[in-house]
Amino acid sequence: MNPAPTTHESPDSHAAPRTVLDASDISRALTRIAHEILERNRGADPVVLLGIPTRGVGLAARIRDRIAAVEGRSVPTGSLDVTMYRDDIGLKPARALEHTDIPPGGIDGKVVVLVDDVLFSGRTIRAALDAIGDIGRPKAVQLAVLVDRGHRELPIRADYVGKNLPTSLVERVTVHLTEYDEADAVVIADKPARKPGDKSGTPTAGSTAPTGVKA
Amino acid sequence: MRHLLSAGDLSRDDAHLILDTAEEMRSLADRPIKKLPALRGRTVVNLFFEDSTRTRISFEAAAKRLSADVINFSAKGSSVSKGESLKDTALTLQAMGADGVVCRHGSSGAPHLLATSGWLNGSVVNAGDGTHEHPTQALLDAFTMRRHLGSLEGRRITIVGDVLHSRVARSNVLLLSTLGADVTVVAPPTLLPVDMTSWPCATSYDLDATLPKSDAVMMLRVQRERMGEAFFPSAREYTRRYGLDVHRMAQLPDEAIVLHPGPMNRGMEISAEVADSTRSVIVEQVTNGVAIRMAVLYLLLSGTNETTNEEPVA
Chain X
1 MNPAPTTHES PDSHAAPRTV LDASDISRAL TRIAHEILER NRGADPVVLL GIPTRGVGLA
61 ARIRDRIAAV EGRSVPTGSL DVTMYRDDIG LKPARALEHT DIPPGGIDGK VVVLVDDVLF
121 SGRTIRAALD AIGDIGRPKA VQLAVLVDRG HRELPIRADY VGKNLPTSLV ERVTVHLTEY
181 DEADAVVIAD KPARKPGDKS GTPTAGSTAP TGVKA
Chain B
1001 MRHLLSAGDL SRDDAHLILD TAEEMRSLAD RPIKKLPALR GRTVVNLFFE DSTRTRISFE
1061 AAAKRLSADV INFSAKGSSV SKGESLKDTA LTLQAMGADG VVCRHGSSGA PHLLATSGWL
1121 NGSVVNAGDG THEHPTQALL DAFTMRRHLG SLEGRRITIV GDVLHSRVAR SNVLLLSTLG
1181 ADVTVVAPPT LLPVDMTSWP CATSYDLDAT LPKSDAVMML RVQRERMGEA FFPSAREYTR
1241 RYGLDVHRMA QLPDEAIVLH PGPMNRGMEI SAEVADSTRS VIVEQVTNGV AIRMAVLYLL
1301 LSGTNETTNE EPVA
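If you're matching them up, the sequences are chains X and B in order. With the working numbering as the guide, the letters of the first sequence map in order to residues 1 to 215. With the working numbering as the guide, the letters of the second sequence map in order to residues 1001 to 1314.
In short, the hints are calculated from the structure, not lab data. Honestly, I wouldn't trust all of these hints.
Pairwise CB distance ranges (calculated) [said to hold, decoys possible]:
hint, chain 1, residue 1, chain 2, residue 2, range
1, X, Ser27, B, Met1096, 49 to 59 Å
2, B, Asn1072, X, Asp134, 22 to 32 Å
3, B, Thr1053, X, Gly106, 31 to 41 Å
A quick note: this is a predicted structure, and the numbers were derived from the prediction, not measured. We put the CB at the ideal spot given by N, CA and C, even for glycine.
Only chain B is shown next, with the shape it has when bound in the complex:
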């Protein structure tokens, strides 16, 4: 594995390796010294062309806990606002010797371009590209579900909300189906992609019918910033039909958990009572995110790769 661009690129063995490695990384959080020497001397660049709080901080914490040097780049306040192209930015990073580039971009496919263009030698991790994919989010969701539900084989997982604009939904559907889960996507017809036939999941427009058959339910954020037009008549109508409140939550089986990738619109897709309830694992998802990103960075960057010239230190 050289890059992590899509959750769909991961085989079941790859996914299990990442999840198992993250399990070991997570125990680090309980130690007095939260530091491992695995990436000493490696440089990780967080290349963020889009706003992000938790993903960027999570990757930064992960890289630092592995002793890598971290350079944070955000498009605001950089030469990108002067019109620098992605290529020139990439060449600059290459000249600085970036071993790993964590890229978030508003355009789908930007990390793929970075990885395949030859501009960069380092490993590229997709930290969310447009409406395409967000593989580390899917991995941390799967990790969180696995910790609560055990093996995901045959588990019924429901993803609710703005699937059309959601890279989280796409990555989750791909990864969860790889891991053997039965995924159902629930959304208003206007917020589903036109052609869902290539997605390895079921679809439904009826949340109430799906909840009793769910071991985990993942609420997606309604992404108003990506909505140029009206996808539903009003926020209240959306909330009434697709929002998760305590009454809907009561329909879930006893062991079922509630996830949300954040940031939440409390009162919109998820009510505050649900977000703060004992079934909610939303805060734990953030903790697990650091462990997953440590695992990904460790597996991508710790070993040799053909592009770095290491002298043997024997």
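So that you can see chain X by itself, here it is in the shape it has in the complex:
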């Protein structure tokens, strides 16, 4: 319905998309992340998972299922839309909102684990931290991402990373999940040339929008 944060149109001919993680890689990474979350927080007790729409919500649900398989109980899981907290909100046309769903127990005193698909500039996570601040006061906030592609523009790092993926700014990283797409895969491709500002790859290149698809 709404465009996903990561674009998933098939890249055009001049870009050679390659799959860097396949379904079983993603599955193993999420299982490991689930175990790391439990290990770090000494069990599932304080944990609340909040996925960032769109793909982060699906990933959060998968991590929840894996935690349930290990611990025998489900952790509260929700979604957190950060659209209104983005720093580029006044620079782009108004965007449709995604669904925010805070679990009934709230987040006060909990350990919130934010879940997103790709960590890039860090701006989405900054927006998410602001959004969390308006909802409650968690004991701690941690970050789980399936792919960390580097190029941070803010002092933000992930606590749980499925795969560190060194990329160039002209590349685009796309996460496909069966909940939304045909298959599970992480695909890397050259960004199709659209506007001159898009190709130059630096945030200060004069285009009004930040270069990254995934900010």
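Given chain X, put chain B in place with the hints provided.
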């Protein structure tokens, strides 16, 4: 979408986008901090040339919850009472840098004039103009009905009362037909416009025959302040034929709801028992009004528009 002047301007997709956005905005009411940063630094002027309680407060609450700065202007106590024209008022607002102007005016078409005259660069939201339109009221009514009835496609909605003077009725008929509902307007012949052929709805003079076939019934206020002449012989006769009391309400299907845009004349078009009954969603309409107006202000004002000069903050 630059302005919201008429419910008839909205496509079905536009309407659904506003309703879906309002659904997200409504969840804010349950949070400890009822504030979102989306319109930080934007200025919204409530330009009210006509009396209003809930609409003005609702727009003010909506703008403030989105972190916009709100300037309230009411014609009473302003230079309008000294004879200032709409144009000069608009130019003043433009000079002050209003990003959004929420306008209520006694003359039909005043918001349209503000939006198209070039006096203002900001977005104009029609908050009720004369007997013409009140689009955010129609949106909040549709939103309230959708929350109770699900999709409005094929739903039978009855609007009862002073259609002739009602901007709420016009906006509702336009929006509800866009959303696929079957609308029936019920009123005494004197309170229906002379030519209803352009309205996408059915008409009836018989409330009792229509109620059993209604999923929602919307009672309109009898607008005595707009009535220069007699439209019906007496208030009691109006109430007996077109007022909603508990006996009439019993004819409604089990799931049907009762709406009223407010302010109510209890005992006139709606009895107190009905207004306070469990079928009545009148108080909920007010809550939903804030969410709808947040959605409208967010969608109109949050993004770029060609008239504001923003430096990139990358």
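Here is what the structure says about each hint:
1. At roughly 58 Å, the beta-carbon separation of Ser27 of chain X and Met1096 of chain B lies within the given 49 to 59 Å, and the hint holds.
2. Distance hint check: the CB atoms of Asn1072 of chain B and Asp134 of chain X are about 25 Å apart, consistent with the given range 22 to 32 Å.
3. Between Thr1053 of chain B and Gly106 of chain X the CB atoms are about 34 Å apart, so this pair conforms to the stated range of 31 to 41 Å.
This entry satisfies every hint, going by the numbered hints stated previously.
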